[in-house]
Amino acid sequence: MQAHDEAQTAPIVWNDEAELLAQNVSTFMAQHSSFEAVRKYMATPTGFDAQRYAQIAELGWLGAALPASYGGADLSVSALTGVVEAMGQRLYGSPFTATTLAAQVILLAGTEAQRSQLLPKLANGEAHAALALYEPHGAYDLEQIAAKAERTASGFVLHGDKAAVLDGQHADFVVIAARSGNDFVLLLAPKSALQGRIRSETLVDETRRSARISLEGLTLPIDAKLAGGDARAALEHAERVAWLLTAADAAGGAEGAMQLTLDYLRTRKQFGKPIGSYQALKHTMVEIMCLIEEGRSLLYRAATVFDQAGAEREISLRMAKAQLSETYAFAADRGIQFHGGMGFTYECHAQLFLRRAQHDLHAFGDALHHRRHLRESLFQI
Amino acid sequence: MQAHDEAQTAPIVWNDEAELLAQNVSTFMAQHSSFEAVRKYMATPTGFDAQRYAQIAELGWLGAALPASYGGADLSVSALTGVVEAMGQRLYGSPFTATTLAAQVILLAGTEAQRSQLLPKLANGEAHAALALYEPHGAYDLEQIAAKAERTASGFVLHGDKAAVLDGQHADFVVIAARSGNDFVLLLAPKSALQGRIRSETLVDETRRSARISLEGLTLPIDAKLAGGDARAALEHAERVAWLLTAADAAGGAEGAMQLTLDYLRTRKQFGKPIGSYQALKHTMVEIMCLIEEGRSLLYRAATVFDQAGAEREISLRMAKAQLSETYAFAADRGIQFHGGMGFTYECHAQLFLRRAQHDLHAFGDALHHRRHLRESLFQI
Amino acid sequence: MEQPNEPTPAELDAFRNEVRAWIAKNAPPKPKWKLPDSFMEVGTDEQFAYLQAWQAKVYKAGYLGMTWPVEYGGGGKHSALQRVVTSEMARANVPFMVNVIGLMWAGPTILKLGTHEQKAEYIPKILSGEEIWCQGFSEPENGSDLANAQMTARREGDEYVLDGTKIWTSLGKYAAHMILLARTDKSGPSKYHGLSFFLAPMRIPNVTTVPIKKLTGEHGFTETHFEGARIQASRLLGREGDGWAVAINVLAFERGAEGGQAGGLAMVPLRVAQVIDVARKLTRDGKPAIDDPLVRERLLQFVIEERGLELSLQRTRIPALAGPRPFAIPMMGKLRVTEFRRRLCAFAVSLQGANANLYVGDPDAYSDGDWQRGYMNAFSATIGGGTSQIQMNIIGERVLGLGKG
Amino acid sequence: MEQPNEPTPAELDAFRNEVRAWIAKNAPPKPKWKLPDSFMEVGTDEQFAYLQAWQAKVYKAGYLGMTWPVEYGGGGKHSALQRVVTSEMARANVPFMVNVIGLMWAGPTILKLGTHEQKAEYIPKILSGEEIWCQGFSEPENGSDLANAQMTARREGDEYVLDGTKIWTSLGKYAAHMILLARTDKSGPSKYHGLSFFLAPMRIPNVTTVPIKKLTGEHGFTETHFEGARIQASRLLGREGDGWAVAINVLAFERGAEGGQAGGLAMVPLRVAQVIDVARKLTRDGKPAIDDPLVRERLLQFVIEERGLELSLQRTRIPALAGPRPFAIPMMGKLRVTEFRRRLCAFAVSLQGANANLYVGDPDAYSDGDWQRGYMNAFSATIGGGTSQIQMNIIGERVLGLGKG
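Protein chains in written order, with the working numbering: chain A, 1 to 381; chain B, 1001 to 1381; chain C, 2001 to 2405; chain D, 3001 to 3405.
Treat the hints with caution; some may be incorrect.
Simulated pairs of lysine to aspartate or glutamate, DMTMM-like, Cα-Cα distance not exceeding 20 Å [stated by the list, open to error]:
| # | chain 1 | residue 1 | chain 2 | residue 2 |
| --- | --- | --- | --- | --- |
| 1 | B | K1273 | D | E3141 |
| 2 | D | K3281 | A | E376 |
| 3 | C | K2034 | C | E2018 |
| 4 | C | K2173 | C | E2130 |
| 5 | D | K3287 | D | E3297 |
| 6 | C | K2213 | A | D172 |
| 7 | A | K273 | C | E2397 |
| 8 | B | K1273 | C | E2397 |
| 9 | A | K269 | D | E3397 |
| 10 | C | K2287 | C | E2305 |
| 11 | C | K2060 | C | E2131 |
| 12 | D | K3034 | D | E3397 |
| 13 | A | K121 | A | D172 |
| 14 | A | K269 | C | E2218 |
| 15 | C | K2186 | C | D2163 |
| 16 | D | K3287 | B | E1143 |
| 17 | B | K1269 | C | D2163 |
| 18 | D | K3287 | B | E1287 |
| 19 | B | K1273 | D | D3045 |
| 20 | A | K273 | C | E2141 |
| 21 | D | K3034 | D | E3297 |
| 22 | B | K1148 | D | D3285 |
| 23 | B | K1040 | D | E3218 |
| 24 | C | K2030 | C | D2368 |
| 25 | D | K3404 | A | E287 |
| 26 | C | K2213 | A | E347 |
| 27 | C | K2287 | A | D141 |
| 28 | A | K273 | D | E3339 |
| 29 | D | K3057 | D | D3045 |
| 30 | C | K2281 | A | E287 |
What the hints contain is simulated information worked out from the structure, not anything from laboratory work.
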């Protein structure tokens, strides 16, 4: 296999800047995203702590992967791997991923004017943005996008619906992916234009927010169109960013779920012994740890090749996404079971991981989806 | 699902005669097929104890599923389920299955003359027979049979090769499945005609024997043809018999492998405790036991509907074959592992089960094969 | 109890037709709200009232407790008839019997070990559903180690005084009685000594229930606090100090290792056919999910497992087929059925693509989010009544003769 | 040992080219017989001689023990260079180093804990392969519980007298020395006390080896009997009674938790690519096996696992990526690699249809029955050197901090 040989040559390259960033985020999250904080903010409509989020903006993390000319730190998107991994471990909820996706699309497809107008605001936290990609049919392939943008004299009139728009309900503007003839088109819709068209989805994962948007009859001006680059390429890039960051969240979350469970297994006693000394539990935790370590390796590999065009990039990303989200779901599932009766309560933190794992499992392509593509790439059938 | 509702109405019906027969065989096998006996006869060229086999014939077990008019006991083939299950548990090697397959084919496709000439000899053990079905390509579907029987003035001339012919090397005659135009034809070849054309296969499973037969240029007289019934129907029946009996062997073998391992786990001590008290081993054995019990239920269901035409019969048989052979392989695999260093020796009986499980796994359709057919039957795609 | 004559196949067929007709006529209308899948999931008064009325109706028709003694309100009939009723109920997908603890655990135990007075007082109302029963084995500090119960019962004259906390009380809010394990003597040589078994009243002073919120976000269990609650000594089942022996009996009923339950559906059965239906209806990338060979393979595996399980449970009735381990199948039932349910629900969720993230309450959630909630609720059965891990210990030790860990 | 300067990427590249060229020129011709997959599978004199000659050649070229001290025959070079050699050998699929116990366990332990005399005496011949080493930890009654060794070593003047039996001695027939755990004092407070560690000679009176037939039907291990065998006291490694502490060091090398091994291939690596190749070549019902989407899915899972494992083993070299559990990956390597191999071999067999039943020796067996034998041989690694179950205990206890069972 071609892919394999490449993996041999330069498997994982690590960057000091990215490492430092990840460490800072990890420390910050340990302080500010305790289980109590997570529960407090997940019960609010927006789902996040605006004050902390402003602090994150100040620390420069929102703009980390944007060019310096737009107020960013000029790092690769791959440098966000450790950032989101640290957030995932602490179940941190915020529009970080949503805004990153929108910003990346604008960076690739926007005109210079659009970029300089919008990106600095996203980098400094002044505005939130979202990307409207998926639709109510629930399919993941870009080809399944059915929303239409019809060109009129004065601009565009839209048809269709969008679903699973991460943090769409509190975004200052939403980038909408639609079809225009055979091509894709990306349109900027400000909050004001979407009034009455957005409803919050009720999610299994209470630490996140997503929305449905009814596009039918929505009119947008001509300059709503991102007109500086290829829309399809921008969407494909956004997908890859989403795979990487969801895999990173899953890596962190699986670690968090494992740690929570280990703490319980070390202290809870039954029949006079800590329950973690029983092999049924101990060996399963070892299995989870091995899966996490192997998954993290797949993740760092994906980050390593993130900026290199080619089949290996897509393969690495899809593997990391599919494998880590399933590892997370497994770790969280066993977390409930091994907490026994406690695990069955809402009060026990294990359920937070279970629910978030479900999100990572089904957002941006589930395992069935990515494995299908992987089989095609690897075996050319 | 249609199949499912039927299963609800009359799930498992048990027959006193079959039960009595199974008990007798079980007692006989416990006495005469000890591990020592198994090892003794597997080291011989024929692989079985001719004296015991003659005894089995006398007891009427070889003819159990043949009509009384041919010296049989007039039971359904399904009554052999318990017989072969008991043989499998003791790793008993003999041409029982081979002869049963050949006898069933003759019963369905032979003329009255052929049946009355051959079946009584098979029922009383005077002769052994074999069925040559598979070929060196290793495919299981009847459609893949490529051997040809060309009609000549005086009879038939054959082309091609046969493989995995159970007990073909010591059969007094072999029933050969071949193509003749678009149809199948079944031809009786006496041992004398096959001289120099048979070679013993070297099998993973040392308790069994099978052979390859080179057919190229073999000529057989016109009356070699089984001319009393539809060859295809007879072959399909033979396949079903083989699935049932292989599933039964696997059920018994899995039980035998489990018992052997349990004995070891109850007595072997490490760190001061019997190793069966450790959950990693205990829970796996429970999993194996559950799989065996569920598999036996599938087996008895298949036996129950064996004589009823229809989709449910084929579904039940394929499920039993696929599921039990995999259960056997799993039980035997864990048997090696749980015997530790001992398990790695030829001397330890665990390897006998591992090897025989491999045979049941791959003989008469492996799990990949049967599951493909099951998916087609159940989901009509 | 002497077993009545076994009905002939013709009698059974006739009876089956009678039951089928009765159900067709009397099955309650589907409610607007989500019907719970089991008694552990009853969360609202509306749900409870609906289910209680249904049980009363079934009992009045003579279809519940059919094998129990006539003098205590039972039917005195052969168990084959009750099995027909239960299987027809499953087929018709009618609601389950809400008084499960009474019908399946407390009732059979009282019938086996109780005094005539206890039977006369409790059994009829268990059957009618007039008095709901709950179970008080687990305590906050002793999830699986039931014999380690710390709750105390102190004898004072004709009464016992109860102090302690029981957890995971299903239907705690609605129950009239609790089967309860408490310590009457702390001086015994081991934790198994000094336990006693009570049929404790719930609606008396100094007994309070606190609802527990489940991981699904809904309510379903309570924590029950006894703070100097006084009960009559006649509430003791068996002798003082014999509590563990009584509890073993109850657990045998719970784990299905013994017959004698009142019958009727205990929970809404989940069938692979429902998930096959999901796979046919849902589309993935524009095509039915079932078009994917990997989806079909998973479904096939579930079908094989389901068949193996169901056929096994039926096979226990044919002694010749029970083999060398007569208790194997009854004891493995709980483990296998509950773990199967958890995996099957998770799989049904996994077919839903991006919409799998929608939960109960979202208007666009597939099937109202039932599968998502069902997956989470499935843990109540893989944990409650002895976790799957504990079940495996028990089977390994008692059925396979492997030593204790 | 002080680590020499790290080579620059350019130096590494140049060295890689040099090694590649050397291998291309010097790799031994493929023998007619089946080459064993690991030292545990060496069964004939022919195989042994071939492998010993190859190790000698590699050592002579300076490609073995490159990081070991120059004064004991090592290269005194940076470990990155040795890694280049090992990875190039894997790539070229050349035979493994036969003196694995010496190179990977005994050698590093002697270098760490031995006297100057011991190092000078044993290390050079470990590297050249002139003296083969074997391992004497397991005894017939103590498979996993190594500290429970019953073999005795009685001091008599300048000698120790050894009595007892060691089992699973790989290369027992060829070995010059055995690392051996024996009891010098039975009065200690626990089994861990009173053990001593010896570098015992094999070719002395009263030491006999008996071949063990493996489940594959071939020979590969011996049982080694010591019946009053006398060895010099200088054969003691470390102090008398410190045997368990020394053994822990050896196990750390064995389990990969510590660096310092001599390098070179330890076994023939098995790659998923080989099984993908099988799936492309084999036909099932007339079509390539890989056409079946379920086969492709299984292969994909193996590819993902293999990548995860290999990337993990490489990741341990980047401290920033080791995370909070620096020993996790080194310690899990043996468990994961060996279990992976077992499953992968079984899968390769399962693709062969009816021909899967043919074994080594049958002229029509696919790939000479290698996969069938490989599956059986795979257990030597999931059992030997601590079973997978013991590995999981160790990882659970030492890495995850869970208590002992």
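Results for each hint:
no., hint, verdict
1, K1273(B) x E3141(D), "holds (13 Å)"
2, K3281(D) x E376(A), "holds (18 Å)"
3, K2034(C) x E2018(C), "violated (29 Å)"
4, K2173(C) x E2130(C), "holds (14 Å)"
5, K3287(D) x E3297(D), "holds (17 Å)"
6, K2213(C) x D172(A), "violated (36 Å)"
7, K273(A) x E2397(C), "holds (19 Å)"
8, K1273(B) x E2397(C), "holds (14 Å)"
9, K269(A) x E3397(D), "holds (16 Å)"
10, K2287(C) x E2305(C), "violated (27 Å)"
11, K2060(C) x E2131(C), "holds (15 Å)"
12, K3034(D) x E3397(D), "violated (40 Å)"
13, K121(A) x D172(A), "holds (10 Å)"
14, K269(A) x E2218(C), "violated (28 Å)"
15, K2186(C) x D2163(C), "holds (14 Å)"
16, K3287(D) x E1143(B), "holds (13 Å)"
17, K1269(B) x D2163(C), "violated (44 Å)"
18, K3287(D) x E1287(B), "violated (35 Å)"
19, K1273(B) x D3045(D), "violated (41 Å)"
20, K273(A) x E2141(C), "holds (13 Å)"
21, K3034(D) x E3297(D), "violated (31 Å)"
22, K1148(B) x D3285(D), "holds (18 Å)"
23, K1040(B) x E3218(D), "holds (18 Å)"
24, K2030(C) x D2368(C), "holds (15 Å)"
25, K3404(D) x E287(A), "holds (17 Å)"
26, K2213(C) x E347(A), "holds (7 Å)"
27, K2287(C) x D141(A), "holds (12 Å)"
28, K273(A) x E3339(D), "violated (30 Å)"
29, K3057(D) x D3045(D), "holds (18 Å)"
30, K2281(C) x E287(A), "violated (35 Å)"
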